[in-house]
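> So you can see what is in the structure, the chains are spelled out below.
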Amino acid sequence: MQGDFYSYTLTASKAVLILLSFAILIRCLRSMLREKYDPEVWAYLRYGRERYPIEHWEVIIGRAKDADVCIPEREIAWSHAVLRRNDSGQWRINDVFGRGGVWVNNIFVDDDGTDVNDGDTLNLNGIYVKFQDLSMEKREKIESKRAGVGRKYSPALTLLMLTVFQLFLLLQHAFYARPEHLADIALGFCSIIVMEWSCFNAMRIINRTGFEIETLAFYLSSLGMSVAASSTPEDLYKQILLTLAGLLLFLLCGWWQRSLQRTARARIPIALAALLLLGINVVASDVVLGARNWLEFWGFSFQPSEIVKVAYVYVGAATLDRLFRRNNLYVFIGFSAVCVMALALIGDFGTALVFFVCFLVISFMRSGSIATVMLAVTGAGLAGFLAVSARPYIAQRFASWGHVWEDIYDKGFQQTRAMSAAAAGGLFGKGAGNGWLHNIFAANTDLVFGMVCEEQGLLVALCMVAAVILLACFAVRSARSGRSAYYAIAACAAMSILLTQVALNVFGSMDILPFTGVTFPFVSRGGSSLLSCWMMMAFLKAADNRREASFAVRPGEKIRSLGDIEALRERQAQRKNREEAAS
Amino acid sequence: MKKLNRRAFSVLLLALFIVLGLFTYLQRFLESGENWASYFTRLNSLSEGTITDRNGVLLAAFTANDNRFNEDRTTRIANYHVTGDFWDRTGTGMLTNFSRQLHSYSPITGMTQTRRVDMTLNVDAFINNKAYAALAGRNGAVGVMNYRTGELICMVSSPAIDPTEPEPKVLDGVYINRLISAAFVPGSIFKLITAAAAIETLTTIWQRTFFCEGEAEVAGVKITCPFEHYTQDFPGALANSCNIAFSQIAIMVGQNEMINHVRAYGFLDPHDLDGIPTAAGTYPLDFVGDPETGWSGIGQSTDLICPYSMLRYVAAIANDGVLVEPKMVRDGEPPRETLLVNPETAKTMHRLMRNNVVTVYGDNRFPGLTVCGKTGTAEVGDGTSHAWFTGFLEDDDHPYAFIVFVERGGGGLSVATPIANTVLQAAVRRGTEMDFES
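If you read the sequences in order, they're chains A and B. Just so you know, the first sequence maps onto residues 24 to 606 in my numbering. Just so you know, the second sequence maps onto residues 53 to 490 in my numbering.
A few of these clues could be false.
[Claimed, not checked] In silico DMTMM-like cross-links for lysine to aspartate or glutamate, where the CA-CA straight-line distance does not exceed 20 Å: (1) Lys-55/B <-> Asp-207/A; (2) Lys-55/B <-> Asp-89/A; (3) Lys-153/A <-> Glu-602/A; (4) Lys-88/A <-> Glu-98/A; (5) Lys-54/B <-> Glu-203/A; (6) Lys-54/B <-> Asp-89/A; (7) Lys-88/A <-> Asp-258/A; (8) Lys-399/B <-> Glu-252/B; (9) Lys-153/A <-> Glu-78/A; (10) Lys-55/B <-> Asp-61/A; (11) Lys-164/A <-> Asp-143/A; (12) Lys-54/B <-> Glu-78/A; (13) Lys-399/B <-> Asp-338/B; (14) Lys-399/B <-> Asp-448/B; (15) Lys-59/A <-> Glu-78/A; (16) Lys-54/B <-> Asp-143/A; (17) Lys-153/A <-> Asp-143/A; (18) Lys-54/B <-> Asp-344/A; (19) Lys-161/A <-> Glu-78/A; (20) Lys-161/A <-> Asp-89/A; (21) Lys-261/A <-> Asp-344/A; (22) Lys-153/A <-> Glu-96/A; (23) Lys-55/B <-> Glu-78/A; (24) Lys-161/A <-> Asp-110/A; (25) Lys-88/A <-> Glu-78/A; (26) Lys-599/A <-> Glu-78/A; (27) Lys-161/A <-> Glu-429/A.
No lab work stands behind these hints, which were simulated from the structure alone.
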């Protein structure tokens with residue numbers, strides 16, 4: 024009788040986990056992608072009778088259809104000028120490649136650009152356009168008309184579903200975990216629940232309503248917690264601490280990116296720090312399984328390349344004006360080459376590939392040139408070919424690809440077991456904590472897809488992949504409405520890294536791609552990986568400028584900080600001075 | 053920013069790649085998920101089951117997290133090649149080969165369902181114990197089957213290990229089931245094939261006599277017999293196991309006809325014992341000329357025979373040419389029957405094999421039994437020889453065909469027949485007295 028009760032409960036809990044996964048994903052999907060959100064409006068350009076809204080902090084003025092402000096006059100170049108706004112609300116104009124020539128109030132604009140204020144006349148090679156900044160009140164009015172987040176799909180309800188999901192995961196662990204680990208596992212899940220609700224309430228307090236990104240991150244994190252509870256229940260506290268640290272870093276990085284100037288200024292120091300970190304890694308860390316990518320601190324293994332990923336995205340993204348400089352990509356290409364070479368030196372080919380794909384995405388987004396991308400791919404292919412011919416053992420590491428079942432005791436050891444356990448889990452899984460794959464080396468990192476398939480079933484594992492894809496779709500969507508090219512590129516680059524990791528992790532362990540030992544975002548156990556994933560989410564948050572959605576985006580219309588007020592006063596004073604001088 | 057928006061879709065190429073990859077995975081999952089899951093069945097399955105012998109003696113039992121074998125160590129070892137172990141160390145064990153039947157899989161539920169399977173075997177653990185004891189630590193194999201029903205009641209390969217020991221002392225070829233998974237030099241038991249071929253192809257065979265002085269030149273090579281058999285007819289030559297006679301007979305039959313018979317009797321092909329593949333044998337198939345054909349006719353040359361194939365052959369002879377395919381698992385399915393040997397030939401061979409025992413080996417070696425058989429002493433080339441004895445009981449109550457093989461054990465008559473006697477006595481007494489001393 025008791026056995027029946029257990030098995031019924033277990034079967035029910037499996038069904039609940041799957042249904043909740045679907046519900047959470049669908050609610051997030053609809054809220055993030057299906058709902059229509061109006062663009063922000065920051066200023067207008069008037070030309071003749073036309074009034075062109077300026078919807079970003081960085082816009083291209085030109086004749087081309089894909090210019091943000093498209094003025095179809097022959098005098099104007101396809102991409103003629105870039106108009107951009109800084110954090111304090113000051114607009115500035117640059118011409119693009121000096122093709123057409125730009126004058127502000129009949130003063131020629133040189134390479135450094137010229138400030139533009141309300142009422143200024145822009146001369147674009149003979150076409151006169153009037154710039155009209157928006158007053159605070161007007162902006163507020165426009166802003167209040169924009170649809171907010173979370174009206175149709177209450178984030179609180181989605182989060183509640185997630186909480187139930189986590190409690191059912193905990194319930195399943197309660198069936199199978201050893202009694203001595205039960206308290207730790209309960210603490211693990213409860214601390215995630217506490218973290219997510221604290222975060223949610225904090226956002227509520229500062230009046231931010233977008234919580235889908237966090238919800239999906241916490242969804243993946245709770246699967247990660249389940250994986251950790253199955254594989255290493257004895258040091259679950261690490262997972263708790265790391266999730267907390269990741270969350271704090273997420274908040275910190277999000278906050279940091281509120282200011283575009285601050286973000287842009289820090290790029291060079293961060294690039295240097297990243298190179299330094301990789302340098303230390305190359306010189307100092309231990310050789311683990313042929314890849315020297317670990318450093319050990321106080322029992323936490325730390326993988327510098329994970330943190331460098333974040334820095335890479337940070338350094339790689341660029342504001343729109345930089346995109347039109349001729350040396351736009353060179354510095355970044357150099358930086359990328361050093362990073363990838365360092366990783367190859369360490370022997371971490373999976374991460375090197377992740378960086379390379381991110382490089383492709385960033386360089387394509389920055390240059391728009393498929394030729395550049397093809398060149399990079401060809402170059403990398405050539406370098407790879409040389410590396411393989413010079414060091415045949417590199418090729419050997421991938422030799423078992425597609426043949427893992429022929430070598431189940433050596434090269435295919437991990438993959439075959441992951442595939443077997445995954446197949447045994449079927450669609451619904453054996454229940455959290457009831458698998459055996461966690462006994463295999465690196466199951467909770469490299470084979471984590473197999474572990475989730477085994478314990479939670481294929482459906483939840485597919486949801487896990489879908490969650491990352493959903494985040495990527497959101498990044499792409501945000502690129503349309505983003506304030507700055509920087510945020511758009513950073514969000515897309517961050518998601519390209521996570522997607523590549525998903526592909527390498529899932530398909531590597533299932534023998535569809537070579538097995539490279541890359542972690543699955545949030546789900547794989549591992550300190551630095553979890554931290555870097557949370558930091559990546561900050562890039563996404565910074566690109567999310569739906570109305571009052573993200574803490575990482577400063578509201579345009581409301582003055583909150585003292586700094587804002589001072590900047591505003593200064594601006595008003597300047598304007599007054601100018602007007603006096605003019606009169 | 054509009055430009056960027058378009059370029060941002062490059063990220064979705066990655067997402068598309070993942071989706072395509074997942075479809076590939078799903079397709080493979082549907083195609084081979086069962087193979088994947090079954091590969092590590094013991095780890096994956098939540099099923100429970102038992103394997104018992106024909107009398108209900110527990111051989112192996114398992115639940116999701118517990119393995120059990122017979123409590124008696126001797127029984128565990130003697131039946132090691134029947135049960136196999138949970139590490140899949142031997143390929144022929146039930147636990148390995150019947151993992152599909154013992155564990156349920158479907159793509160929907162994977163192996164998450166708990167299923168209870170109780171499997172009964174035709175094997176008699178008690179007889180296996182006797183056979184293993186009779187082999188007395190020598191490398192070898194014993195197989196006994198009921199030639200009327202196909203029930204394989206004894207399958208023993210020595211040496212064996214205790215399946216509960218994770219790291220046993222590894223003996224020579226301990227994981228090979230010598231009854232079904234290997235082929236050996238057959239020596240004189242091969243003359244059973246040569247004889248059948250002669251009966252069917254040489255009309256004058258019954259009129260012929262063969263003269264043996266212990267040594268003769270046949271087709272230019274020297275062939276020896278252990279004794280001088282002098283003048284003998286065909287049945288006498290088989291009973292004496294006269295090499296000189298049988299090499300001449302093989303040459304008369306000719307290599308092609310020999311090949312036809314060896315192949316027709318199933319010695320060159322692998323068979324399956326309830327789905328467990330058995331070893332194939334070899335016979336010179338390319339033209340080798342008379343001297344080598346002569347050697348091959350007496351079970352030397354490149355002849356290799358799997359003991360299981362020979363067991364099938366003698367079982368067919370015993371059953372008037374109809375082979376009832378051996379079965380180890382009692383699953384209620386009707387036995388497969390095939391005509392392996394021409395019924396007339398089978399009857400003749402039956403008489404000849406009975407004649408062997410009556411005239412040469414002596415019925416007193418098998419008290420109370422009516423044995424038809426043929427011994428073999430196969431020279432391996434290093435001075436040692438394999439001891440063979442194969443045949444069947446002429447007894448409708450105990451229709452058992454058997455094969456005994458002792459690797460480098462010495463003479464067939466001196467070494468193999470006592471083992472056969474011990475095992476057959478146990479099997480026959482088992483049928484009447486039903487003593488459950490195990």
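> State for each hint whether it applies.
These are the hints, each one checked on the structure:
no.	hint	result
1	Lys-55/B <-> Asp-207/A	violated, 50 Å
2	Lys-55/B <-> Asp-89/A	holds, 6 Å
3	Lys-153/A <-> Glu-602/A	holds, 17 Å
4	Lys-88/A <-> Glu-98/A	holds, 15 Å
5	Lys-54/B <-> Glu-203/A	violated, 57 Å
6	Lys-54/B <-> Asp-89/A	holds, 6 Å
7	Lys-88/A <-> Asp-258/A	violated, 57 Å
8	Lys-399/B <-> Glu-252/B	holds, 12 Å
9	Lys-153/A <-> Glu-78/A	holds, 16 Å
10	Lys-55/B <-> Asp-61/A	holds, 19 Å
11	Lys-164/A <-> Asp-143/A	violated, 23 Å
12	Lys-54/B <-> Glu-78/A	holds, 11 Å
13	Lys-399/B <-> Asp-338/B	violated, 31 Å
14	Lys-399/B <-> Asp-448/B	holds, 15 Å
15	Lys-59/A <-> Glu-78/A	holds, 16 Å
16	Lys-54/B <-> Asp-143/A	violated, 25 Å
17	Lys-153/A <-> Asp-143/A	holds, 6 Å
18	Lys-54/B <-> Asp-344/A	holds, 14 Å
19	Lys-161/A <-> Glu-78/A	holds, 14 Å
20	Lys-161/A <-> Asp-89/A	violated, 27 Å
21	Lys-261/A <-> Asp-344/A	violated, 43 Å
22	Lys-153/A <-> Glu-96/A	holds, 15 Å
23	Lys-55/B <-> Glu-78/A	holds, 14 Å
24	Lys-161/A <-> Asp-110/A	holds, 18 Å
25	Lys-88/A <-> Glu-78/A	holds, 16 Å
26	Lys-599/A <-> Glu-78/A	violated, 27 Å
27	Lys-161/A <-> Glu-429/A	violated, 70 Å
Of the numbered hints given earlier, the model fails hints 1, 5, 7, 11, 13, 16, 20, 21, 26 and 27; all others are met.
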